[in-house]
Amino acid sequence: MSSRPLPDERSLVERAKTDPGAFGELYDRYFHQIYRFVFSRMRDQTAAEDVTSDVFIKALKGIPRYQDTGRPFAAWLYQIAVNTVADRYRSSRPTVDIDEMHDIGTAGPSLEDLAVRRDEVRQVWAIVEKLPAPQRTAIVLKFQEDLKISDIAAVMGKTEGAVKLLIHRGMTRIRGTLVPGAAR
Amino acid sequence: MSRRLPPDPDLDEVFDNDPQLERFAAILRSSQLREPPLDPAFRSDLRRRLLTQAFERSNRRQGGGWLSGLFRPSAFALAAAAVGAVLLGVFFVQLLNPAYPSTVVVTTDTRPTAAIDPARPITLSFNQPMDHRSVESSISIQPATQVSYTWQGNNLLIQPVGNELAPNTQYHVTIAAAAANPKGQTLGEAKTILVLTAPAPSPPPQPSPSATPQAPAITGEKQLASPTAKVVGWSPDAKTLYYLAPNGDLDAIGADGTGYRTLHPQVTLAAVAPTGGVVFDSAGKVQTVAPDGSVSVLDNASADAIFFQGSKALELRGSNIYPAGGQAPVATITEPFKAAFPAPDGNHLIYRNAAGRTVLLNLNSPQVTAWNQSTAGSITWAPDSNHVAYVAGGGLQVTTPDGSSATQVASAIRDGAEVAWSAQDLLLVTLAPGLAAVHSDGTGFTQLSQQEYGGPAWAGSATAFAFLRQGALSSATVSSAGGSGLPLNAGAKVVSDFMTARVKGDSTAALAFLDDSGKQAFGGGSRLVVTGDPRLARFFFVSSQVGLEGTPTLHYVVRLVLAKHGSEIAYLDETMTVVKEPARGLLLIDSDTAGPQRDLGKGPTVLSVDVTKPGHVTVYLDSDLNAATVAGNVALTGADGKPASIQTAYANRAITVTTSGLQLGEHYKLAVTTGLADINGQPLSAEYDLDFVAAG
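For the record, the sequence lines run as chains P and U.
The opening position of the first sequence corresponds to residue 1 in my numbering, with each subsequent residue numbered one higher.
The opening position of the second sequence corresponds to residue 1001 in my numbering, with each subsequent residue numbered one higher.
Derived SDA-like pairs: lysine to any residue, alpha-carbon spacing no greater than 25 Å straight-line:
#1 P:Lys61 with U:Ser1102
#2 U:Lys1493 with U:Thr1508
#3 P:Lys17 with U:Glu1056
#4 P:Lys58 with U:Pro1036
#5 U:Lys1642 with U:Asp1610
#6 P:Lys17 with P:Leu60
#7 U:Lys1504 with P:Gln45
Worth flagging that the hints you see were computed from the coordinates, not collected in a lab.
Let's have the full structure, built from the sequences with the hints guiding it.
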């Protein structure tokens, strides 16, 4: 999500404030992205379905008050999703192993190399899951969801500088865990 | 391995050209989130719910706009200016009739995977007023169900006629495309709503044959001999009772009261050998009488106690334990003692020393373990030698032989009460006067009688016991004391936890509920998780019953429901056996047999079978049946292959099979055949068979 809201998205959001059909289009456009993100956090299909339902119901209720600040509409949905996940996360823990969540993006290397890279990916993401929640959220939104720092800041209600600091601290902690002797 | 990070100016400041941080960032960015499992039905259902809410809100807003606009001067002026009766007419028609959105949308307030109470109606919500007759005639329900309709505004409540929905069932409610609003606008395309019902209120384990959860009761009491001084015990086949008469005779009598005979006079103590025969002390000699009545001397010395280690007789003589006839002691009690209680397996002995201290002695090593608590009365061993019971503190205590885990299982038990522990884990304890029964975990305490029952002694079958009353030897049966002796609910919990792990795809967790044989039944774990499409969506219990008397097993039939895109399309039944692992006492799944995979939605399906009631078997189905097809399509066959004479009655999706010919504890096979049809004429999807043991 690196581009600014397209005019058609902007007008679609405006229409969705009064036109159910337009909200349906927004749902179609963002359902998969939000569901995928929510599942990656909940790691349980039923919980992910419940949280995703909550996110879009909250979005439907809140959209009349939505104000275009120049951020992508998805950032607003992510904001709702992050908060809803946080609420739910307190009462239920993920059931799918983190090892099953991520895989390397492209094929091409040798099988051995592939295995090593898969192992690296799993190790690093496993550490991400153990980071303090703000660091984890910032890193997930940056590297998994590919949000801009400014959008992450909007989602998390923080300044861009604060988000960068969270990512830096999280990455430093990953290094400290995986590279013995490295500065934490 | 080095990896270049794709340019992202956002991160320049974050990593400040730190190659290690850039490398980990590259790893994170190089990974892709795997596609999560997604139920398309969930996606479309959520969309429908959202659109319905959006439409309702839009309608409210439009209604408010109309009303507020009406009384705005400009609008009123405009209306007045028009003074058109037509315009007013249109306006009032619009005012009196809610708006008709351009699209007819139907939703339900439940999700396909979230079970509702079967007593609750299925609710369909339309986004606008509908033509009731049109909608009702457009609805079809699978499994076949006779329903009534109630409208509440735009909501349609669907309730089975005079009954609840079937439990454990996913209903497919289809609204045909022709369902229309009063203006003739139709749904456009058929919609199917999925509604899942929860298990029946008192679900999984319905105890069955000779089931322990039924309160035990004393039956068949009969006096066998008089006078009697002490019960020695039952023969291993439970056909003969041995006892000491007041004059010192060792007597025997058949369990049916016949065959009385004196085996030997002047006997001071005796014990029944596990292999048959009786070892006794008479005239200062330890002797044995074989089942055929022949007597032989084992030892020319008197014993203080006689017990057995397997088939080998042991004697406690003084402080030493000898093999009968042997000169070298196998173990020695190294301190003065007042009482000794040998274990049934002969590997341990508990004694109480002169100071009243209770001590466990291992006869196979010189090891002794002193209890922390004191005891006064008799100590009764469990038949498996793994636990003991004793009375202390006004209650019946059960503990491991080393006394380390005492738990009170019954209160208000007097000192000196006598205890008998059955092979099926039911303890009889004498009251003053009276007799009570309780399981070793403290469950099922029942006062059986207020009469006198001295020196109770279980037969090996663990349903009959002998006792003394006013000097006479009697026997009686404790109904429902038989069966496996294992708690059916506890076994169901094991199966339920096991199945929950399988539904989650957690084979590691599931493996923990299997013993070695169970693991083998599941191919070492490879068959535990149902992979692919359709996926294992849920499970429920079809039947459950305790094992035959003398076989400590529990049996469950569990249905695995397979779903594709949220729609349940098939099932298969697995029959599981639960046993108690001897070492740790854990209940584990020992065997599993899977039946064939069957399609759902292809006709009536048997949901559960209740075999708990004597003379009755009840078969519950998911569909309303054509009652005329019931007779002749349900059969009971005995173990000998002969059909039992039965009567059938049908009501509310349940077929009650009644017969007077069932023999308690006998194997039967229930068959429901495909001639059975639902109210739409659809035959049973597949013949249903269940092996069970007749209830007592």
